[in-house]
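Protein chains: 2
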Amino acid sequence: VDIVFLIFDRITALDAVGPYEVLSRLPGARVTFCSPNGPGTVRTDNEFLGLVADQNMASVTAAEILVVPGGFGTRALMADRAVLDWVCSVDASSRWTTSVCTGSLILGAAGLLNGRPATTHWTAMDTLAGTGAHPTRQRVVRSDKYVTAAGVSAGIDMALLLAAWDAGDDVAQAVQLAIEYDPQPPFDAGSPDKAPPEIVARVRGQ
Amino acid sequence: VDIVFLIFDRITALDAVGPYEVLSRLPGARVTFCSPNGPGTVRTDNEFLGLVADQNMASVTAAEILVVPGGFGTRALMADRAVLDWVCSVDASSRWTTSVCTGSLILGAAGLLNGRPATTHWTAMDTLAGTGAHPTRQRVVRSDKYVTAAGVSAGIDMALLLAAWDAGDDVAQAVQLAIEYDPQPPFDAGSPDKAPPEIVARVRGQ
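Each protein sequence line maps, in turn, to chains A and B. Residue numbering for the first sequence follows this note's numbering, beginning at 1 and increasing consecutively. Residue numbering for the second sequence follows this note's numbering, beginning at 1 and increasing consecutively.
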C-alpha cells in the first residue's frame, strides 16, 4: 500500500509521526514523505526538530492513502494554489484522503470537504467551518473516503481505524500491540469537555 | 528547561516524537536532537523517514531531561562504548534520565539501571533483565530520577507524567489538552495481557 505524507515547515511532528508509526507497519507499506519545497528538511512548529521530505510533492502523483498533518504552517498553505492543486490531483485517485488536526484546513481549502462532516483541532473548528465543511466534535470523522482526526494525538486513533478498514481488524490489532498502544493518560484533560475550565481558557489563549 | 534526545539510525520515530511533542511545550523548553554520527540525518527502523540531529552527541554535555528512545538500532548501541560513556556523562548532572521502549536497553547497558525497576517493550523484557535492571510490567516505571516507558506509544504517557513532576499538574494538563490527548483506541489490544493470543504470537514472531 502506497502511503504519502505531505509535510511542510511549521508542521506539528506528532500529527505526522503518530499515523506514520501505525501505517508504516501495514503489510507491504511503502511510505513517502514529500513537501512543497522538497526534497529537503522541514522544521516543526517550534523549530526544534527537522523532518526529511525525500521527495518534492510534484514528483508524487498518486497515493492509496494520503495523510495531511497539521500545524501552524497549514494557514499559509490554505492559500497556496500549488499545494491545493496537488492535494486535489492526488485525491482524484486515492483510496483514502485523510488529515490530522489542522491538516483538515488544507483539505477544506482544496474544496474536498465541502458539505461533509469533518473535524480538526478543537481551537480551529470555526476556521474549518469557513471551508464549507460541517465541523463535527468526534475524535475521528469519516465521510466516504475522507477521514479527518481531531488534534495532534488523534492521528494515532485514526490510523488504527484506517488500518482496520483497509487491512482488517487482525492487522490493526497486531499494529496496536506492536506499538503497545494501551494509553494511560495521567489526567482526564485531553478534550475541552473534560479539562478544567481555567486550563481550557489558558490553552485557547496561547 | 534543557531537553536532549539521543537519536540514531533504526530509531522508532514515535518513541522520540511522542515525548518531544509533550516536553517541547513545557515553559521555556529548549530541545536538542543529537546523534552519535551527527550532525545529520538518521533514518527510522523501516528507513521511510529521516529525522535531523542538529548536533553530534559529543557537543552536548548536559541535559536537564535526557530522553533515550528505542528501536532496533538500540542493539548495536548497547555495545558502543562512546554512546554508553556519553549517556553516563550526561546522566551525571541530569535532573531526569529517561527512556522509551528499548531505549532502556541503552540505559541498562550503560549501568544506570542496575538493581532498579525498569520497563521496555514487552518483547524485550529478557534483554532488559540481562543489563541488571528489574523488569517491571508497568506502562511507566520511576526509580528516583530514572523513568522508563514501555513500548513506543508509552512515551506520551511518560512525558505527561514528567511534565507534571517537573512543572506541575496544571502545566501537564494544558499540554495534554493542547495535543488533544483523549485516546480512543479502536481495539483493546495494546498490551499482551489484553490482545488475543494469536495476535500476541504473531507480533512476538515478527
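Hints should not be assumed to be uniformly reliable.
The list makes no distinction among identical chains, and a pair is therefore deemed to hold if it is satisfied within one copy or across any two copies.
Calculated pairs, DMTMM-like style, for lysine to aspartate or glutamate (alpha carbon to alpha carbon, straight line, at most 20 Å) [to be verified]:
#1 145 with 47
#2 145 with 64
#3 145 with 2
#4 194 with 47
#5 145 with 85
#6 145 with 45
#7 194 with 170
#8 145 with 166
#9 145 with 91
#10 145 with 169
#11 194 with 54
No lab work stands behind these hints: they were computed from the structure.
Do the hints match the structure? See the list:
For the identical chains of this complex, residue 145 and residue 47 are neighbours neither inside a copy (33 Å) nor across copies (28 Å), given an alpha-carbon limit of 20 Å. In this assembly of identical chains, the alpha carbons of residue 145 and residue 64 lie at most 20 Å apart only when taken from the same copy (11 Å versus 45 Å across copies). In this assembly of identical chains, the alpha carbons of residue 145 and residue 2 lie at most 20 Å apart only when taken from the same copy (15 Å versus 43 Å across copies). Proximity of residue 194 and residue 47 under a CA criterion of 20 Å is satisfied in neither setting, with 30 Å inside one chain copy and 38 Å between copies.
Within a single copy, residue 145 and residue 85 get their C-alpha atoms as close as 18 Å, which meets the 20 Å cut-off; across copies the closest is 51 Å, which misses it. Taking the closest pair of Cα atoms, residue 145 and residue 45 never come within 20 Å of each other, the shortest separation being 28 Å inside a single copy and 29 Å across copies. Taking CA atoms no more than 20 Å apart as the test, residue 194 paired with residue 170 passes between copies only; the shortest distance there is 14 Å, against 32 Å inside one copy. In the homo-oligomer, the alpha carbons of residue 145 and residue 166 lie at most 20 Å apart inside one protomer (11 Å), although the nearest pairing across protomers, at 43 Å, exceeds that limit.
For a Cα distance limit of 20 Å, the shortest separation of residue 145 from residue 91 inside one copy, 10 Å, qualifies, whereas the shortest one across copies, 48 Å, does not. In this assembly of identical chains, residue 145 and residue 169 lie within 20 Å of each other by CA distance solely inside one copy; the values are 18 Å within and 39 Å between copies. In this assembly of identical chains, the alpha carbons of residue 194 and residue 54 never lie at most 20 Å apart, being 40 Å within a copy and 38 Å across copies at closest.
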